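A.B. asks: Here are the chains, one letter per residue:
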Amino acid sequence: MFRPAGLAGLLAALALVACGKGEQLPEEAGYGPNPTIPAPDYAALPPIRIATPVGWPDGQTPRAAPGLKVEAFATGLINPRWLLVLPNGDVLVAESGGPAEPIKRPKDPIVAFAMRKAHGSGPAPPNRISLLSDRDGDGLAESRTTFIDGLEAPFGMALVGQDLYVADTSALLRYRYAEGASQPMGGSAMVAELPGGPINHHWTKNVIASPDGSRLYVTVGSNSNVAENGMEHEVNRAAVLEIDPVTGATRLYASGLRNPNGLDWNAETGALWTVVNERDEIGDDASPDYITSLTPGGFYGWPWSYWGRHVDKRPYPARPDMIARALTPDYAIGSHSGSLGFAFADGAMLGPRFAGGAFVGQHGSWNRSRPAGYRVIFIPFASGQPSGAPIVVLDGFLNGSEVFGRPVGVAIAGDGSLLVADDAGNTVWRVTAVTPPLAMGSPVATSAD
Amino acid sequence: MTNPRSTFRIAGHPLHPMLVPLPIGFLVGAFLTDIAFWQTGWASFAYFSSWLIGAGIVTALLAAVAGFTDFLGEPRIRALRLAWWHMFGNLLAVVLSVVNFLVHMRDGAAAVLPTGIVLSGTVVLLLLFNGWIGGEMVFRHRVGVRDADGGSEL
Numbered sequence: 034m035f036r037p038a039g040l041a042g043l044l045a046a047l048a049l050v051a052c053g054k055g056e057q058l059p060e061e062a063g064y065g066p067n068p069t070i071p072a073p074d075y076a077a078l079p080p081i082r083i084a085t086p087v088g089w090p091d092g093q094t095p096r097a098a099p100g101l102k103v104e105a106f107a108t109g110l111i112n113p114r115w116l117l118v119l120p121n122g123d124v125l126v127a128e129s130g131g132p133a134e135p136i137k138r139p140k141d142p143i144v145a146f147a148m149r150k151a152h153g154s155g156p157a158p159p160n161r162i163s164l165l166s167d168r169d170g171d172g173l174a175e176s177r178t179t180f181i182d183g184l185e186a187p188f189g190m191a192l193v194g195q196d197l198y199v200a201d202t203s204a205l206l207r208y209r210y211a212e213g214a215s216q217p218m219g220g221s222a223m224v225a226e227l228p229g230g231p232i233n234h235h236w237t238k239n240v241i242a243s244p245d246g247s248r249l250y251v252t253v254g255s256n257s258n259v260a261e262n263g264m265e266h267e268v269n270r271a272a273v274l275e276i277d278p279v280t281g282a283t284r285l286y287a288s289g290l291r292n293p294n295g296l297d298w299n300a301e302t303g304a305l306w307t308v309v310n311e312r313d314e315i316g317d318d319a320s321p322d323y324i325t326s327l328t329p330g331g332f333y334g335w336p337w338s339y340w341g342r343h344v345d346k347r348p349y350p351a352r353p354d355m356i357a358r359a360l361t362p363d364y365a366i367g368s369h370s371g372s373l374g375f376a377f378a379d380g381a382m383l384g385p386r387f388a389g390g391a392f393v394g395q396h397g398s399w400n401r402s403r404p405a406g407y408r409v410i411f412i413p414f415a416s417g418q419p420s421g422a423p424i425v426v427l428d429g430f431l432n433g434s435e436v437f438g439r440p441v442g443v444a445i446a447g448d449g450s451l452l453v454a455d456d457a458g459n460t461v462w463r464v465t466a467v468t469p470p471l472a473m474g475s476p477v478a479t480s481a482d
Numbered sequence: 008m009t010n011p012r013s014t015f016r017i018a019g020h021p022l023h024p025m026l027v028p029l030p031i032g033f034l035v036g037a038f039l040t041d042i043a044f045w046q047t048g049w050a051s052f053a054y055f056s057s058w059l060i061g062a063g064i065v066t067a068l069l070a071a072v073a074g075f076t077d078f079l080g081e082p083r084i085r086a087l088r089l090a091w092w093h094m095f096g097n098l099l100a101v102v103l104s105v106v107n108f109l110v111h112m113r114d115g116a117a118a119v120l121p122t123g124i125v126l127s128g129t130v131v132l133l134l135l136f137n138g139w140i141g142g143e144m145v146f147r148h149r150v151g152v153r154d155a156d157g158g159s160e161l
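Residue numbers (our numbering), protein chains in the order written: chain R, 34 to 482; chain P, 8 to 161.
By construction, these hints were calculated from the structure, which means they are not laboratory data.
Just to be clear, a hint being listed does not mean it is correct.
Derived list of chain R stretches under chain P, where covered just means 3 residues or more per stretch with a C-beta under 8 Å from a C-beta of chain P [to be verified]:
1. 129–139
2. 347–358
Pair ranges (Cβ atoms, derived) [to be verified]:
3. P:G142 to R:D141: 38 to 44 Å
4. P:L135 to R:D141: 31 to 37 Å
5. R:G421 to P:P121: 42 to 48 Å
6. P:G19 to R:K346: 53 to 59 Å
7. P:V102 to R:G55: 22 to 28 Å
8. P:L79 to R:R403: 45 to 51 Å
Owing to the predicted nature of the structure, the values given are computational and were not obtained by experimental measurement.
Note that beta-carbon positions come from the ideal geometry of N, C-alpha and C, so glycine has one too.
Make a model of the complete structure from these sequences and hints.
C.D. replies: Shown next as C-alpha cells:
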C-alpha cells in the first residue's frame with residue numbers, strides 16, 4: 034500500500050515549484066539604458082548565496098584597472114561605509130552598522146542570520162565618525178581620530194560652509210565645523226527627524242546639499258523588500274527627501290526609489306543623480322539596480338512596479354494608477370549588485386578614460402545564484418547622460434565563496450584620487466593614476482590611452 | 008473480544024485525540040487569516056498565517072508521534088483500511104503545509120494569493136476528511152475504547 038516512489042515524485046515536483054529558475058541572461062543584459070527585464074520569478078525558495086568576509090590577507094589589495102593603482106589609505110577601521118572629503122583634504126568616514134530588526138514572521142530570523150554572516154564576526158560597528166588625516170600627502174592617512182562618537186547609525190555627511198550635516202539613521206543632525214579642526218565645536222542640533230525604527234529595514238540615510246546650500250537632500254530606503262510590512266510603515270521612505278536646513282520642513286523630492294544611497298550633482302545639467310538598490314526575490318536577473326537623474330516630484334515605481342512599468346504583483350492591493358505614473362530610470366547597473374556608492378568624476382585625476390562620468394560602489398549580491406557586484410565601476414557620461422558600457426575600476430574583492438572586502442561609499446579626494454570605503458575589509462582604499470597625467474617638471478607625454 | 012488498544016496512552020487514555028486539536032486549530036486559523044489578508048490587504052494577516060502554519064506543522068508532528076505509536080503498536084489497527092487512509096491523509100496535510108510554509112515566506116501578496124490560500128483551504132478540507140475517518144475508527148471500530156469489563160487496558 035505504501036508507495037515511496039509516488040511520494041518522492043510528489044516531493045520532487047514540489048521542489049521544482051519552490052526553487053527559482055536561476056541565472057538566465059548574460060550579465061551585460063542587466064546594464065545600460067535599455068536592460069533586458071525578464072518576467073518575475075516568484076520562487077518560494079529564492080537563492081541565498083552569501084560570501085563569508087575573511088578580511089584582506091597582508092599586503093593584498095583589490096585589483097585596479099589598467100593605468101590605475103590602488104593602495105590602502107587607512108586600515109584597521111570597523112565597518113567603514115561612507116566618506117566625506119573636507120576642504121583641507123582630511124576625510125571623514127562613518128563606521129556604522131544597522132540596528133537589529135524585530136522578528137515579525139518566521140522568515141525574519143533566517144534572513145537576519147544570513148545578513149549577520151555577510152557582515153562578518155568582527156567587533157560591533159562603533160557608530161562613530163572618524164577623521165582620517167594625510168597631512169604629509171604620502172597617500173596614507175597617518176592618523177585616525179574619533180570625530181563624532183555616540184551616534185545611532187550614521188551614514189551620509191555634507192558640509193555647507195561651517196555647517197556639517199550628519200544623516201544619522203533617525204535624525205538629520207547639524208554640527209559646527211572649523212577647517213582643520215579635529216572635532217566639531219559643541220554638540221549637535223537636530224535639523225529634522227528621519228524615518229527610523231522600530232523596523233528601520235534599510236537604515237542608511239545619505240545627505241547632500243544643493244550647490245547654494247539652501248536645501249538638503251536626504252535618501253531614505255524602504256522599510257521592507259516590497260512593502261510586505263504594509264504601506265503605513267513606508268511614510269517618507271523609498272524616497273529622496275528635500276529638507277529646509279533652517280526650518281527642518283521636509284517634503285518628498287522623488288519617490289518610488291526602493292533603496293537610494295549615493296547622491297551627486299551633475300555639473301553639466303545641474304540634475305541630482307542617485308543610485309538605487311532594487312527589489313529581491315523575483316529571480317537572478319530582475320530587477321536591475323540603477324543610477325538615475327531625479328525629476329522633482331518624480332515617482333519611480335516602488336513597490337508596485339520596477340524599471341518603469343514592469344508590474345510586481347506582490348504589493349497588495351494592486352495600484353495601476355501608481356504604475357501608470359512610474360518613470361523609467363536612466364541606466365541599469367545589474368540585478369542584486371548592491372550598488373550603494375555614487376560620485377561624479379569632477380576633480381578626479383585618473384586619466385582621460387575616467388574623466389567624464391560617475392563611479393559606483395557595488396557592495397555585492399546575496400539573492401543571486403552567481404554573485405554579482407563586489408566591485409567599483411565607472412560609467413562614462415556624455416552631455417550629462419550615461420554613454421557606453423561600464424568600466425571596472427576595482428575588483429578582486431571576491432574570492433570563491435569568501436570575500437576580502439566589499440566596497441560601499443566612493444569619493445573624489447582633494448588630490449584627485451578616488452577613495453573607496455570597504456566595510457567588510459575595514460579599509461579605505463585610494464586609487465590613483467599609475468603616471469600622473471601632468472607630472473610636474475616632466476614633459477607632457479601624449480597619452481596612448 | 009477486546010477492542011484495539013492504544014499504545015501511546017496514560018492510565019488507559021489514548022493521547023492522540025488530545026493532541027490533534029492543536030494542529031487542527033492552527034491550520035484552520037491559517038486559512039482564516041489568509042482569507043482576512045485577501046479581503047483586507049492588511050500585511051499582518053499574512054504574517055499571522057506564517058506563524059500559524061509553522062505552529063500547525065510542529066504540533067502535527069507531535070500528534071503524529073502518538074498516532075504512529077498506536078498504529079505500529081497494535082496489529083488490529085494496522086488491519087483497518089481506514090487507519091491507512093487516516094495516516095496518508097494526515098501525512099499529505101503535513102507535506103502540503105510544509106510547502107505552504109515556504110510559499111508564505113514570499114513577500115506581500117505572493118505569500119497568499121493565490122497559491123497560499125488554495126493550499127490553506129485544501130489542508131482544511133483534508134483535515135475534515137481525516138477527522139471523519141478518525142471518528143469512524145473510534146466510534147465504529149472502537150479503536151482505543153475501554154473494554155466493557157474494564158480490565159483489559161490495565
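A.B. asks: It remains to establish, for every hint, whether it holds in the given structure.
C.D. replies: Against the structure, the hints:
1. 129–139: Contact hint for the region 129–139 of chain R vs chain P: holds, 3 residues under 8 Å.
2. 347–358: holds (count 4)
3. P:G142 to R:D141: 38 to 44 Å: About 39 Å separates the Cβ atoms of P:G142 and R:D141, which means 38 to 44 Å holds.
4. P:L135 to R:D141: 31 to 37 Å: Holds: the Cβ-Cβ distance is about 32 Å, inside 31 to 37 Å.
5. R:G421 to P:P121: 42 to 48 Å: Check passed, 44 Å falls within 42 to 48 Å.
6. P:G19 to R:K346: 53 to 59 Å: Since P:G19 and R:K346 have Cβ atoms about 55 Å apart, the given range 53 to 59 Å holds.
7. P:V102 to R:G55: 22 to 28 Å: 25 Å, holds
8. P:L79 to R:R403: 45 to 51 Å: 47 Å, holds
Violated hints are absent here; each numbered hint is respected by the structure.
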